[in-house]
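Asks: For reference, the chains in residue letters:
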Amino acid sequence: MSFSDEVLARLDADAAQIIALYPRARSALLPLLHLVQSEEGYVSEDGIEYCAAKLGLTEADVTGVVSFYTMYKRRPVGEYHVGVCTNTVCGVLGGNQILAELHDHLGVGDDETTPDGRVSLEHLECNAACVYAPVMMVNWEFFDNMTPDSARQLADDLRAGNPVTPTRGPERLVTWREAARILAGFNDDQATQGPAAGPADLVGLKIAKEHGWTAPEPGSAGNHRAGDHAKESR
Amino acid sequence: MTDTLTPVLTAHWDQPDIFTIDGYRRAGGWQALPKALGMSRDEVITVVRNAGLRGRGGAGFATGVKWNFLPKGDNKPHFLVVNADESEPGACKDVPLMMANPHLLIEGAAIASYAIGAGHAFIYVRGEVLHVIRRLRNAVQEARAAGYLGQNVLGSGFDVEVIIHAGAGAYICGEETALLDSLEGKRGLPRNKPPFPAVAGVYALPTNVNNVESIAVVPSIVLNGADWFGDLGTEKSKGFGIFNLSGHVSTPGTYESPLGITLRELLELSGGIRGGRRLKFWTAGGSSAGILTDQHLDVPLDFESVAAAGSQLGTRSVQIFDDTTCVVGAVLRWTQFYQHESCGKCTPCREGTFWLVRILDRLEHGDGTEEDVEKLLDICDNINGRAFCALGDSATPPITSAVRYFTDEFIQHHKEGGCPFDAAASTVWSET
Numbered sequence: 048m049s050f051s052d053e054v055l056a057r058l059d060a061d062a063a064q065i066i067a068l069y070p071r072a073r074s075a076l077l078p079l080l081h082l083v084q085s086e087e088g089y090v091s092e093d094g095i096e097y098c099a100a101k102l103g104l105t106e107a108d109v110t111g112v113v114s115f116y117t118m119y120k121r122r123p124v125g126e127y128h129v130g131v132c133t134n135t136v137c138g139v140l141g142g143n144q145i146l147a148e149l150h151d152h153l154g155v156g157d158d159e160t161t162p163d164g165r166v167s168l169e170h171l172e173c174n175a176a177c178v179y180a181p182v183m184m185v186n187w188e189f190f191d192n193m194t195p196d197s198a199r200q201l202a203d204d205l206r207a208g209n210p211v212t213p214t215r216g217p218e219r220l221v222t223w224r225e226a227a228r229i230l231a232g233f234n235d236d237q238a239t240q241g242p243a244a245g246p247a248d249l250v251g252l253k254i255a256k257e258h259g260w261t262a263p264e265p266g267s268a269g270n271h272r273a274g275d276h277a278k279e280s281r
Numbered sequence: 015m016t017d018t019l020t021p022v023l024t025a026h027w028d029q030p031d032i033f034t035i036d037g038y039r040r041a042g043g044w045q046a047l048p049k050a051l052g053m054s055r056d057e058v059i060t061v062v063r064n065a066g067l068r069g070r071g072g073a074g075f076a077t078g079v080k081w082n083f084l085p086k087g088d089n090k091p092h093f094l095v096v097n098a099d100e101s102e103p104g105a106c107k108d109v110p111l112m113m114a115n116p117h118l119l120i121e122g123a124a125i126a127s128y129a130i131g132a133g134h135a136f137i138y139v140r141g142e143v144l145h146v147i148r149r150l151r152n153a154v155q156e157a158r159a160a161g162y163l164g165q166n167v168l169g170s171g172f173d174v175e176v177i178i179h180a181g182a183g184a185y186i187c188g189e190e191t192a193l194l195d196s197l198e199g200k201r202g203l204p205r206n207k208p209p210f211p212a213v214a215g216v217y218a219l220p221t222n223v224n225n226v227e228s229i230a231v232v233p234s235i236v237l238n239g240a241d242w243f244g245d246l247g248t249e250k251s252k253g254f255g256i257f258n259l260s261g262h263v264s265t266p267g268t269y270e271s272p273l274g275i276t277l278r279e280l281l282e283l284s285g286g287i288r289g290g291r292r293l294k295f296w297t298a299g300g301s302s303a304g305i306l307t308d309q310h311l312d313v314p315l316d317f318e319s320v321a322a323a324g325s326q327l328g329t330r331s332v333q334i335f336d337d338t339t340c341v342v343g344a345v346l347r348w349t350q351f352y353q354h355e356s357c358g359k360c361t362p363c364r365e366g367t368f369w370l371v372r373i374l375d376r377l378e379h380g381d382g383t384e385e386d387v388e389k390l391l392d393i394c395d396n397i398n399g400r401a402f403c404a405l406g407d408s409a410t411p412p413i414t415s416a417v418r419y420f421t422d423e424f425i426q427h428h429k430e431g432g433c434p435f436d437a438a439a440s441t442v443w444s445e446t
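In order, the protein sequence lines correspond to chains A and B.
Counting in our numbering, the first sequence runs from 48 upward without gaps.
Counting in our numbering, the second sequence runs from 15 upward without gaps.
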């Protein structure tokens with residue numbers, strides 16, 4: 048194994064904390080893979096060997112797990128890994144165009160990294176933010192309501208090292224490796240930053256407040272909507 | 015009469031610090047757990063069962079009944095697993111809930127753990143939502159420090175640890191048995207049922223798996239009572255739920271209403287189809303539920319009515335597409351998703367989705383034939399009901415429903431030798 052003693056000591060301390068969380072050690076495999084990814088930026092043979100040794104598994108067993116999950120990368124990605132959702136809603140609303148224009152703008156294909164190592168690009172499946180379509184993710188933080196222009200600007204800022212703030216997320220966008228460390232189980236200090244919710248999440252609540260609509264007080268009965276309730280309910 | 019919208023789960027999302035323990039307590043939070051701990055475990059299960067709560071993850075199975083399946087007095091460790099792997103195309107209710115109000119979910123998880131006798135609750139959250147993971151973990155730390163979690167919760171003698179477990183990118187892990195395999199550190203492959211998780215779940219021990227929204231609603235039911243919840247909604251689809259409206263609407267967004275609201279009502283609230291255009295097709299419950307059309311504007315969005323209309327309420331993920339949208343292209347993209355996410359365990363799903371994509375792709379690009387449409391339906395028939403898990407079955411409703419409502423459009427692609435639609439007209443910026 049080619050991890051240095053210093054790296055090993057650090058990994059061992061983190062791994063011990065992760066494994067201790069679980070009633071059975073093997074449950075720690077996914078977090079441990081995030082941990083080795085945070086160390087090297089991807090899951091290397093060394094990383095696999097490390098996880099296997101920690102949990103008493105074969106390297107083949109661990110490799111089989113790594114290959115199943117799309118978030119584990121088997122080769123280095125950019126310091127900022129950019130995903131463009133092209134599942135149907137985002138794709139139709141412009142995600143397909145954004146992805147195509149970013150390919151051109153960055154000069155990289157799907158799952159490729161810019162020569163400076165700053166930005167890699169992939170298309171994403173639905174990332175649970177459809178009311179903000181088209182959606183992009185950078186290192187798994189939300190960038191909502193994107194356009195081709197805002198996407199190019201974002202890519203340029205990431206390459207230039209300009210500060211970038213996710214739409215619904217912390218003030219400081221973390222690097223790919225820092226993100227992997229959070230996934231492994233170790234929070235940074237940014238949990239309380241950013242909004243509770245974005246504007247589209249509050250649309251219904253705002254309308255309800257404007258109309259004075261609320262859930263009933265406990266004790267007031269007989270609220271069933273009939274089968275053909277649609278009109279009488281207002 | 016009940017109000018059109020009834021914010022409960024979403025009621026405090028506009029409070030800037032609702033994700034902190036102080037903010038949550040100021041909004042009335044962490045009051046349900048002490049009340050539940052003052053009840054017997056069976057009493058907690060009974061109130062949830064009497065409320066008529068049905069699972070909010072899509073299947074709609076009665077939550078209280080599910081809790082009751084766990085053996086009692088077996089002296090084995092029990093587990094609660096919260097399915098927070100929200101990945102259904104169109105679904106964006108659980109992720110915002112956990113980002114805005116993580117304590118609500120964790121309070122619900124603590125109560126559910128008490129009810130089923132679980133000493134560990136795992137929240138299996140998809141990995142691709144970093145800030146949600148931060149918020150959840152921070153909330154667990156705050157709740158533990160305040161004595162709501164950990165050993166001897168609030169002096170009751172009840173012990174529970176809540177573990178935030180980040181997935182690593184796999185839609186199949188939203189299937190509850192695949193999720194359990196993944197939680198055990200394996201590839202996320204679905205398991206044969208029976209045995210059901212209540213008998214042999216994580217570590218082959220009794221386990222209850224519930225969706226985020228199903229668990230997050232528990233504190234309000236415990237506080238307000240079964241009748242309060244059960245009086246909302248329809249006779250068989252009780253209570254309220256979160257609806258996400260996305261796509262070609264003037265104001266995409268999240269709405270919380272009693273079950274049984276209609277698309278017509280939701281569209282009125284959201285300003286209608288964008289730019290005065292016409293509704294072409296929509297999903298009631300994510301892509302897996304298949305599509306509906308403008309014939310279905312007045313279908314009450316409850317489990318029974320949507321099923322009677324040939325679709326499913328699913329995750330109440332209402333994706334709206336106007337008349338600029340190519341239905342063949344839309345369904346092709348969904349089908350590519352199912353192919354990509356197929357775990358490969360069973361042949362109908364693994365091979366079937368591969369061929370569905372090939373055929374849809376050539377149809378979309380004008381290289382298909384009329385016979386290809388029949389072939390699509392035949393392959394769907396060979397997947398649906400024959401796949402190992404529900405994910406395989408889920409690949410077929412988008413196709414069968416699209417062919418049912420828009421056969422002519424499939425044929426038109428063939429006759430015109432290509433897609434008759436201009437993709438640029440469907441984008442957000444096409445209107446400006």
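Don't read these hints as lab results, they were simulated from the structure.
Be careful, since some hints might not be right.
To be verified - Below, a list of computed lysine-lysine pairs in the DSS-like style, where the Cα atoms sit at most 27 Å apart:
#, chain 1, residue 1, chain 2, residue 2
1, B, LYS86, B, LYS49
2, A, LYS120, B, LYS49
3, B, LYS389, B, LYS429
4, B, LYS207, B, LYS86
5, B, LYS250, B, LYS200
6, B, LYS429, A, LYS120
Asks: None of the hints should be skipped; say for each whether it holds.
Replies: Cross-check of the supplied hints:
Only pairs whose Cα atoms come within 27 Å are accepted, and LYS86 (chain B) paired with LYS49 (chain B) is accepted, the gap being roughly 22 Å. As the CA atoms of LYS120 (chain A) and LYS49 (chain B) are separated by approximately 46 Å, the hinted pair breaks the 27 Å bound. This hinted pair checks out: LYS389 (chain B) and LYS429 (chain B) have alpha carbons roughly 17 Å apart, not beyond 27 Å. A C-alpha spacing of about 21 Å is found between LYS207 (chain B) and LYS86 (chain B), which places the hinted pair at or below 27 Å, so the restraint holds.
Distance restraint check for LYS250 (chain B) and LYS200 (chain B): the Cα-Cα separation of roughly 38 Å exceeds the 27 Å cut-off, and the hinted pair is therefore not satisfied. A C-alpha spacing of about 43 Å is found between LYS429 (chain B) and LYS120 (chain A), which places the hinted pair above 27 Å, so the restraint is violated.
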